[in-house]
Each structure stands twice: as structure tokens, then as C-alpha cells.
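Undergrad: Sequence:
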Amino acid sequence: MENKKGAFCMAAGFLLVLAALLLTGYNVWDEGRAGDAADATFQALKFQTEEGREELPEYILPDYLVDPRFEMPTVEIDGYDYIGYLDIPSLELSLPVMSEWSYPQLKIAPCRYAGSVYLDDMILAAHNYDRHFGRLKNLEGGELVRFTDVDGNVFDFSVTELELLWPEQTEEMLSGEWDLTLFTCTLGGRQRVTVRCDRIEDMAG
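Residue 65 in my numbering is what sits at position 25 of the sequence shown, and the numbering runs on without skipping anything.
Honestly, the hints are just simulated from the structure, not real lab data.
Where is the CB? At the ideal position from N, CA and C, for every residue including glycine.
Incorrect hints may appear among the rest.
[Unchecked claim] Computed beta-carbon distance windows for the label pairs:
1. K177 - D103: 31 to 37 Å
2. D79 - D121: 16 to 22 Å
3. S142 - L101: 29 to 35 Å
4. F110 - G229: 21 to 27 Å
5. P129 - P207: 27 to 33 Å
Take these sequences, add in the hints, and give me the full structure.
TA: Laid out in C-alpha cells, this is it:
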């Protein structure tokens with residue numbers, strides 16, 4: 041009887057180890073897939089943005105300056121709408137940004153969670169994949185974050201604060217006077233790594 045119990049425990053242990061290995065393998069594959077998908081979409085989006093960019097005469101203001109409540113324009117790629125792309129030079133990240141967020145879409149690229157870059161209240165969310173927002177926690181005060189909309193308008197920001205929020209702190213995430221917020225889950229999803237940024241006015245536009 042003891043031998044049977046021992047054999048059962050060994051078999052159960054083997055299955056648990058195998059399951060852990062399979063899960064780890066899947067996570068590695070999923071991160072790679074997400075990173076490759078974001079890279080390909082970024083290249084396509086950047087190309088379309090640069091191809092469609094109009095050089096306006098100096099006396100003509102961009103639409104967003106005439107009316108900051110102007111809805112952010114989008115470009116469709118593979119059936120999804122994108123509002124622009126994000127560059128974080130210190131993390132060597134260049135990522136497309138979807139117009140709206142959902143859990144399935146977060147597996148493809150960062151998404152706009154709320155707000156508008158034209159109103160200085162945009163909030164972007166992404167998974168904690170290494171090639172999405174997984175390294176946000178490494179950002180330091182004063183580092184550059186740049187957003188380019190699909191019309192080619194460039195908005196520069198400086199990192200000013202990093203905080204950890206709980207999932208239920210939605211009001212705290214949305215409140216405050218930060219011009220740009222980036223956030224992602226910690227490993228295990230217990231908290232939200234939240235990076236607050238201020239607009240660099242003399243470099244924007």
C-alpha cells in the first residue's frame with residue numbers, strides 16, 4: 041500500500057513539474073508572439089504615418105491646436121484602429137497604440153485606456169510582456185517618452201513619477217493632472233505599475 045502511495049505521489053509530482061514547464065514554455069512563446077506582432081504593426085504604422093504626413097504652411101494650425109477636443113484620427117491595420125505610436129528610448133521600445141482597449145487587444149499592442157493626447161490626459165495600458173510595458177518599472181525621472189499620432193504630430197513627455205496602484209484604484213488612476221500615464225500589471229497581476237509623465241511644451245507638436 042505504501043509503495044502505491046509513493047508511486048502516486050511521484051506521478052503527481054511529475055505531472056505538476058510537466059505542467060509548470062508547459063506553462064513556462066507557453067508564456068515564453070506568447071511574449072515572443074506579442075513582441076513580433078507589435079514590431080510588425082509598428083513598422084506598418086510608421087510607414088503609413090510618414091507616407092501620409094502633410095507639411096502644413098506655417099500659417100495653418102494643425103486640427104488639434106484649433107480644437108483640442110478634436111477626436112484623435114486613426115489608421116486601420118489588420119482590422120484594428122491605431123492612434124499612433126509610442127517611443128521610449130531608454131527602454132529601446134517603439135510600440136503601436138490602439139485606439140480603444142480590451143483584454144484581447146492588449147495581447148496584440150498597447151491600447152488607449154482613456155483620454156486624448158490633445159487634451160493632455162491620455163492613459164495607455166499594455167500587458168507586462170518584456171517587449172510591451174514589462175520594463176516600465178525601470179524608467180527614471182526625467183527620461184523621455186514620445187508619442188506620434190497618425191498625422192505625424194509629435195508630443196514629448198518627461199517621466200515625473202512612478203507608483204504602484206491596486207486594481208480597484210480606478211479613480212486614482214484616472215485622477216490627477218499628469219499629461220500622460222502608462223500602466224501595466226506587475227507579475228501575477230496584483231498591482232499596477234504606473235508611470236506618470238508631464239508634457240515638454242517647447243518640444244511638442
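Undergrad: Hint by hint, note whether the structure agrees.
TA: We went through each hint and held it up to the structure:
1. K177 - D103: 31 to 37 Å: For K177 and D103 the Cβ distance comes to about 36 Å; the hint holds.
2. D79 - D121: 16 to 22 Å: Roughly 19 Å apart at Cβ, these two residues keep to the hinted range, so it holds.
3. S142 - L101: 29 to 35 Å: At roughly 34 Å between Cβ atoms, L101 and S142 fall inside 29 to 35 Å, so the hint holds.
4. F110 - G229: 21 to 27 Å: violated, 35 Å
5. P129 - P207: 27 to 33 Å: Holds, since P129 and P207 (Cβ atoms, about 30 Å apart) stay within the stated range.
Hint check: a violation occurs at hint 4 only; the rest are consistent with the structure.
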